[in-house]
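Novice: Chain residues, written in single-letter form:
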Amino acid sequence: MRIPKLLQAVLVLAGVYFGFIVVFDVILDAVIPSSLLVMYMFFVTAGVFMVFTYDEEGTRELVAPIKALVEDPSKRVWRNIVFVIVPLAAGAGTYVQMQPSFEAPLELRTIHPAPPSTAKIYGKRVNLLKLENPFRKLEKEDPEQFRELVEEGAAVYIENCQYCHGDKLDGNGPYAAGLNPTPLNFQDVGTIAQLQESYLFWRIATGGPGLPKEAAPWISSMPVWQNFLKEDEIWKTILFLYDYTGHSPRSWGHE
Amino acid sequence: MRQFLTVVVFTLLTIGFFAGYSNFGIPQIEPAPPPKEEKLDLGSMTMDGFIALGERLFNGKGTCTLCHNALGRAPELATVGEVAAGRLKDPRYEGEAGTVEEYLTESLIDPSAFVVIGFGKKGTNDTESPMPNVASGGIGMSVAEVAAVVAYLQDSSGAEVTVEIPQDIGAQEDDGEEDESEPREAIGDPKELMALFTCDACHMIGGEGGEVGPDLTQIGASRDRDYLRRAILDPNADIAEGFEEDMMPEDMGEAMYVAELEILLDYLAGLK
Amino acid sequence: MNGPRPILKTGLALTILGLGLAVVALVLTGFGQFSAFAAEHAGAAGEAAAAGLYGPAPKLTAADYPAIAGVNGRIVVWIVAQLHLWFAAFVLAVPIFVFIIEVIGMRTRDKRYDDMAYEFIKVSITAYSLTAVLGGFLVFALILFYPHLFTYLSTIFSESMFYYALLFFAESAALYIYYYGWHWLQGGFKKWVHLTLGLVLNAVGTTLMLLANAWLTFMMSPAGVDAAGVFGGDAWAAIHNFLWNPINIHRFVANIAYGGSIVGAYAAFKFLTATGRQERAHYDWMGYNANFIAICALLPLPFAGYYLAAEIYAYSQQMGITLMGGIFAWLFIIQAVLIGTLFLSANYYLWCGMGRSDGAKRYTKYIKYIAIVLVGAFLVWFTPHTLVLTNEELKALGGPHHKILGPLGIMPAKNTAVNVMIIFTAISFMFYRRANKIATVPWVKAGNAIQVALYTAGIANIVFLGIYHGYFTNTVYKVAASIPQVLTTLVVIAGSITLDSFIYRGSKEVGSLQWGRIPERAQYALFLLAVAFTWLMGLMGYIRSGIRQHWHVVDIMRDASPDAFTPTLGYAANVVSVAAIIFMAMVIFVFWIAQVSSNKTLPAGYWKE
Numbered sequence: 004m005r006i007p008k009l010l011q012a013v014l015v016l017a018g019v020y021f022g023f024i025v026v027f028d029v030i031l032d033a034v035i036p037s038s039l040l041v042m043y044m045f046f047v048t049a050g051v052f053m054v055f056t057y058d059e060e061g062t063r064e065l066v067a068p069i070k071a072l073v074e075d076p077s078k079r080v081w082r083n084i085v086f087v088i089v090p091l092a093a094g095a096g097t098y099v100q101m102q103p104s105f106e107a108p109l110e111l112r113t114i115h116p117a118p119p120s121t122a123k124i125y126g127k128r129v130n131l132l133k134l135e136n137p138f139r140k141l142e143k144e145d146p147e148q149f150r151e152l153v154e155e156g157a158a159v160y161i162e163n164c165q166y167c168h169g170d171k172l173d174g175n176g177p178y179a180a181g182l183n184p185t186p187l188n189f190q191d192v193g194t195i196a197q198l199q200e201s202y203l204f205w206r207i208a209t210g211g212p213g214l215p216k217e218a219a220p221w222i223s224s225m226p227v228w229q230n231f232l233k234e235d236e237i238w239k240t241i242l243f244l245y246d247y248t249g250h251s252p253r254s255w256g257h258e
Numbered sequence: 014m015r016q017f018l019t020v021v022v023f024t025l026l027t028i029g030f031f032a033g034y035s036n037f038g039i040p041q042i043e044p045a046p047p048p049k050e051e052k053l054d055l056g057s058m059t060m061d062g063f064i065a066l067g068e069r070l071f072n073g074k075g076t077c078t079l080c081h082n083a084l085g086r087a088p089e090l091a092t093v094g095e096v097a098a099g100r101l102k103d104p105r106y107e108g109e110a111g112t113v114e115e116y117l118t119e120s121l122i123d124p125s126a127f128v129v130i131g132f133g134k135k136g137t138n139d140t141e142s143p144m145p146n147v148a149s150g151g152i153g154m155s156v157a158e159v160a161a162v163v164a165y166l167q168d169s170s171g172a173e174v175t176v177e178i179p180q181d182i183g184a185q186e187d188d189g190e191e192d193e194s195e196p197r198e199a200i201g202d203p204k205e206l207m208a209l210f211t212c213d214a215c216h217m218i219g220g221e222g223g224e225v226g227p228d229l230t231q232i233g234a235s236r237d238r239d240y241l242r243r244a245i246l247d248p249n250a251d252i253a254e255g256f257e258e259d260m261m262p263e264d265m266g267e268a269m270y271v272a273e274l275e276i277l278l279d280y281l282a283g284l285k
Numbered sequence: 010m011n012g013p014r015p016i017l018k019t020g021l022a023l024t025i026l027g028l029g030l031a032v033v034a035l036v037l038t039g040f041g042q043f044s045a046f047a048a049e050h051a052g053a054a055g056e057a058a059a060a061g062l063y064g065p066a067p068k069l070t071a072a073d074y075p076a077i078a079g080v081n082g083r084i085v086v087w088i089v090a091q092l093h094l095w096f097a098a099f100v101l102a103v104p105i106f107v108f109i110i111e112v113i114g115m116r117t118r119d120k121r122y123d124d125m126a127y128e129f130i131k132v133s134i135t136a137y138s139l140t141a142v143l144g145g146f147l148v149f150a151l152i153l154f155y156p157h158l159f160t161y162l163s164t165i166f167s168e169s170m171f172y173y174a175l176l177f178f179a180e181s182a183a184l185y186i187y188y189y190g191w192h193w194l195q196g197g198f199k200k201w202v203h204l205t206l207g208l209v210l211n212a213v214g215t216t217l218m219l220l221a222n223a224w225l226t227f228m229m230s231p232a233g234v235d236a237a238g239v240f241g242g243d244a245w246a247a248i249h250n251f252l253w254n255p256i257n258i259h260r261f262v263a264n265i266a267y268g269g270s271i272v273g274a275y276a277a278f279k280f281l282t283a284t285g286r287q288e289r290a291h292y293d294w295m296g297y298n299a300n301f302i303a304i305c306a307l308l309p310l311p312f313a314g315y316y317l318a319a320e321i322y323a324y325s326q327q328m329g330i331t332l333m334g335g336i337f338a339w340l341f342i343i344q345a346v347l348i349g350t351l352f353l354s355a356n357y358y359l360w361c362g363m364g365r366s367d368g369a370k371r372y373t374k375y376i377k378y379i380a381i382v383l384v385g386a387f388l389v390w391f392t393p394h395t396l397v398l399t400n401e402e403l404k405a406l407g408g409p410h411h412k413i414l415g416p417l418g419i420m421p422a423k424n425t426a427v428n429v430m431i432i433f434t435a436i437s438f439m440f441y442r443r444a445n446k447i448a449t450v451p452w453v454k455a456g457n458a459i460q461v462a463l464y465t466a467g468i469a470n471i472v473f474l475g476i477y478h479g480y481f482t483n484t485v486y487k488v489a490a491s492i493p494q495v496l497t498t499l500v501v502i503a504g505s506i507t508l509d510s511f512i513y514r515g516s517k518e519v520g521s522l523q524w525g526r527i528p529e530r531a532q533y534a535l536f537l538l539a540v541a542f543t544w545l546m547g548l549m550g551y552i553r554s555g556i557r558q559h560w561h562v563v564d565i566m567r568d569a570s571p572d573a574f575t576p577t578l579g580y581a582a583n584v585v586s587v588a589a590i591i592f593m594a595m596v597i598f599v600f601w602i603a604q605v606s607s608n609k610t611l612p613a614g615y616w617k618e
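Chains as they are written, first to last, in the numbering used here: chain A, 4 to 258; chain B, 14 to 285; chain C, 10 to 618.
Everything labelled a hint here was simulated from the structure, so no lab data went into it.
None of these values were measured; they are calculated from a predicted model.
A few of these clues could be false.
Simulated restraints on C-beta separations [claimed, not checked]:
no.	chain 1	residue 1	chain 2	residue 2	range
1	C	Ile419	A	Pro137	45 to 53 Å
2	C	Ile447	A	Leu16	57 to 65 Å
3	C	Thr70	A	Leu16	54 to 62 Å
4	C	Val112	B	Phe37	46 to 54 Å
5	A	Pro137	C	Ile381	51 to 59 Å
6	C	Thr70	B	Gly255	25 to 33 Å
7	C	Gly79	A	Tyr98	36 to 44 Å
8	C	Lys609	A	Val73	49 to 57 Å
9	B	Asn72	C	Asp572	21 to 29 Å
10	A	Leu16	C	Ala174	51 to 59 Å
11	A	Pro68	C	Val519	31 to 39 Å
12	C	Met420	A	Glu147	30 to 38 Å
13	C	Tyr322	A	Asn230	55 to 63 Å
14	B	Phe37	C	Thr449	52 to 60 Å
Below 27 Å or equal to it, Euclidean Cα-Cα: the simulated DSS-like pairs (lysine-lysine) are [stated by the list, open to error]:
no.	chain 1	residue 1	chain 2	residue 2
15	A	Lys127	B	Lys74
16	C	Lys200	C	Lys131
17	C	Lys370	A	Lys8
18	C	Lys374	C	Lys454
Far from chain B by the CB rule (all over 10 Å, computed), these chain A residues [said to hold, decoys possible]:
no.	residue
19	Leu9
20	Tyr43
21	Ala71
22	Asp75
23	Tyr98
24	Pro177
25	Ala180
26	Val227
Glycine residues also receive a C-beta, built at the ideal position from the N, C-alpha and C atoms.
One chain only, chain A, in its complex shape (with noise of 0.2 Å):
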């Protein structure tokens, strides 16, 4: 049986919507972002409506159905069903949309902003494209040694960060459902695992205030640790960072 012209117009539209869901949020695990997902709806649509009108037999079976629930006396029932219904879904669908809500409301906000060139830590400025840890030669120099300096900033993340960041390192520490932004979870291969170490030495030194005027607002509680921490203190845990999570920091060299 040949499906009617209408039917296969829902079913398209049905189809590529879900297919974008199911798409990006399950098989990719990258949500599609609502706003973008109702543009790309719209010209989708846009783009069924032309493949089905250009011609004046696909318009004439397309809107035959429709015609005939407004001006067919035997479709009185679904006419009157059909006047109840889209006014309610209508109405529906503005107190939904109208509904105050408790979410913040949209900023555009970049998280990890470009870092600046240099930037001012310890009351020392220092040059952000060729800062080094100073440990991080240890781990083929003297292995022993390098394993201590990351129990020790295994102790210093214990002490300071978990509770954000979490004990496994994946940004699900037990005050993170507070916290928006959420904290990073180190362990996905799209954050620490593509930044060099000085980027996360200026961000641990220099918390949410330290972040650029193309990061605000401010929002990020990350705390000023340079307040808090001795300077070989942030350079351990980060070698901890990188040895936990089994990721390598991204390298100086040019790929």
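Chain A is already provided as a structure; the job is to place chains B and C on it using the hints.
Specialist: Quick look at chains B and C alone, frame taken from chain A:
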């Protein structure tokens, strides 16, 4: 007529959709307001403050970071303090600077004096820099502002800061292009003098001027030269009734030549 | 009687031809005169500056901007300038394709072309006077609201403004003789005279546009003045400033596309209100031709735009970054939506138009695939770089970066998408052309195979260039890849048209084309094209002017008025929308007045018998 109305409605709906999308479909970002021309108070500035001013200028008014950033549109300035010394000896260097400070200043005013290989304008074989003169119209930095940026560059690249904070910016014009080291020529016309020291901002003469200080229209009738001299050199010594202390600048004595003071006194004493 | 009349006519025709040529010569030497003037004055320039003939650009304060009648001066100037520009674009474009259509009619000796050309120019006549009226209004608005700016510009462009005013006489004369003499100057030699007049009309019109462009590009990329704005006396240098030619090219192409779309809307309206079959057929045909003109000019337009943007970048990196980054980054998302609308509605019109031919059935099955690709490419094209995310989504994504959509937000993806859209529009058009034809050459199969191979290779190359250079090389190559992409597109389109012309040499027709057999919806596609084009031009006018930021003349003359701020996109969109509605109302008036002249009322018993 029905067709006509349909077309009109269709047109309005289309325009409405475009306008609606532009208003609600995308985030509304408020563009930065036009920059204000900042007045500098260098007299009370410490070196740290001066460097911070340079940093503000570097990131703000100077628009330097548009290109001097991690994207590599222009040379990295993180080590410019060290590199500059080498530049001076480079055979391609065409400028006249002898020290790092002079080199940096020159690079801001005359960017083509030395072009780092690979950063020249296309087709000029690195002889011409795409960077504008920061003192010219577009960016319009004053001499003091350029000095602040140089100080910041020296500090941020870990080099020794040799820049001295320029003094005597009190009478700075908007463009600040005067050479501050040269003494001003004495002025013989009392009205010009009053204009230079903007006396009329606070004092009224003949119905024109401010009301912060006493009206001077007939000041000669009630005050003698000695009183007036003291009032200019030490404004808080006597305060006329109904006026407040500490309103008049105390450095008139430094700013004025002796001859000018006398000319001014003659003029004021003659206002009867 | 028969004797002297032809001679008289020939004499008249010759006189007109002579006049026309004189005007052409005047126009062509106009620039020569400027150069000569410039050369003459270049030597004197130094002296002029030294003698203080020209002062520096004035430094203004808020008090220098008169408040008049409580209206916002900037919005008045903005709307009036935009209205003037829309009409001017239309009025300049129409004679260009009227001239071309007239030539086609002359070559093919098909009178329908001549009639259509006449109808086009008839529509533009009223628009012409509206252009002039709005131009006058604009000058008044500038003098009233921005007196110092106008004074400064008019000291620099004194000669060109004077010539501009003079050229308007030439333009009017040429236009009126061209239009009113249309039915008189017919046949043989007189047709040549008429064509020459059309050429003169276009030459003068284009010159007028070039002059006006010089004034506005001077405000963006001032030349011929020093850093303080002191004019050196070289008028040609000020005219021939850095962005003059890029704007000239972009406007010239865009005007034609715009003119086509407006005439298309006219035809669509006449089609909808037509009563007889023949009238419908005529306006269907006219709409098709107008749409064809609009699409032909639309296809190269993105490239002209890229060239302009690249030149802006080359002129000033700061201006370039202002253009492509910050708040204006979102403007290009709106622009993407609008251009996507243009492409979709143009394609839709073509598909609808396939119903005119009985042979189209063979190709309609491909339409859905074209639609899928077009919509897909369009979605890529307007995916923004910075996504608007709710807090839930932010949490789910773990940050604002989207690993799938992020890479679609940058230039390589968008370049690829727009090239694919252009190629598929070309395919739509190829199907349309083939719809009514049956090839008779023996190598049809091979020919079609080559066509398929050509398109496949072209698209593969574009996608490869986009993906490889866009995502696997560093920044420098990302931008560079757009040039081979554009070349591929052009080669594929040109190759395909050439190949088709060989395949369909001596082809049979399926049946005669049924002009007028097109759904009314297709006419709305033409309206959409016109409205979207109008609105898009307004929006791009805002950004062209907006990248000057708080400058009247960039880096030279600062805007100190309270309105010096750059408006938000929503604010600008509202102003543009209001202006567009006013424009549409005026256009409807123009269309209406064009048909009023053919209405005749015969009142009974009114006149003495």
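Novice: So, for every hint listed, does it hold in this structure?
Specialist: Right, here's what the structure says about each hint:
1. C/Ile419 <-> A/Pro137: 45 to 53 Å: violated, 36 Å
2. C/Ile447 <-> A/Leu16: 57 to 65 Å: violated, 37 Å
3. C/Thr70 <-> A/Leu16: 54 to 62 Å: holds, 58 Å
4. C/Val112 <-> B/Phe37: 46 to 54 Å: Because 48 Å falls inside the window, the suggested range holds.
5. A/Pro137 <-> C/Ile381: 51 to 59 Å: holds, 56 Å
6. C/Thr70 <-> B/Gly255: 25 to 33 Å: holds, 32 Å
7. C/Gly79 <-> A/Tyr98: 36 to 44 Å: holds, 42 Å
8. C/Lys609 <-> A/Val73: 49 to 57 Å: Cβ of C/Lys609 to Cβ of A/Val73: about 42 Å, so the range 49 to 57 Å is violated.
9. B/Asn72 <-> C/Asp572: 21 to 29 Å: Between B/Asn72 and C/Asp572, where Cβ atoms are some 27 Å apart, the hint holds.
10. A/Leu16 <-> C/Ala174: 51 to 59 Å: holds, 57 Å
11. A/Pro68 <-> C/Val519: 31 to 39 Å: Holds, at about 33 Å.
12. C/Met420 <-> A/Glu147: 30 to 38 Å: violated, 50 Å
13. C/Tyr322 <-> A/Asn230: 55 to 63 Å: The hint (55 to 63 Å, Cβ to Cβ) is violated, given that C/Tyr322 and A/Asn230 are roughly 43 Å apart.
14. B/Phe37 <-> C/Thr449: 52 to 60 Å: holds, 56 Å
15. A/Lys127 <-> B/Lys74: holds, 25 Å
16. C/Lys200 <-> C/Lys131: Within the cut-off at roughly 18 Å; holds.
17. C/Lys370 <-> A/Lys8: holds, 18 Å
18. C/Lys374 <-> C/Lys454: holds, 19 Å
19. Leu9: holds, 23 Å
20. Tyr43: holds, 12 Å
21. Ala71: holds, 23 Å
22. Asp75: Label holds. Min Cβ-Cβ 24 Å, cutoff 10 Å.
23. Tyr98: About 19 Å separates A/Tyr98 from the closest Cβ of chain B, which puts it past 10 Å; holds.
24. Pro177: At roughly 34 Å from the nearest Cβ of chain B, A/Pro177 sits farther out than 10 Å, so the non-interface label holds.
25. Ala180: The claim stands: A/Ala180 keeps its Cβ more than 10 Å from every Cβ of chain B (closest is about 27 Å).
26. Val227: holds, 18 Å
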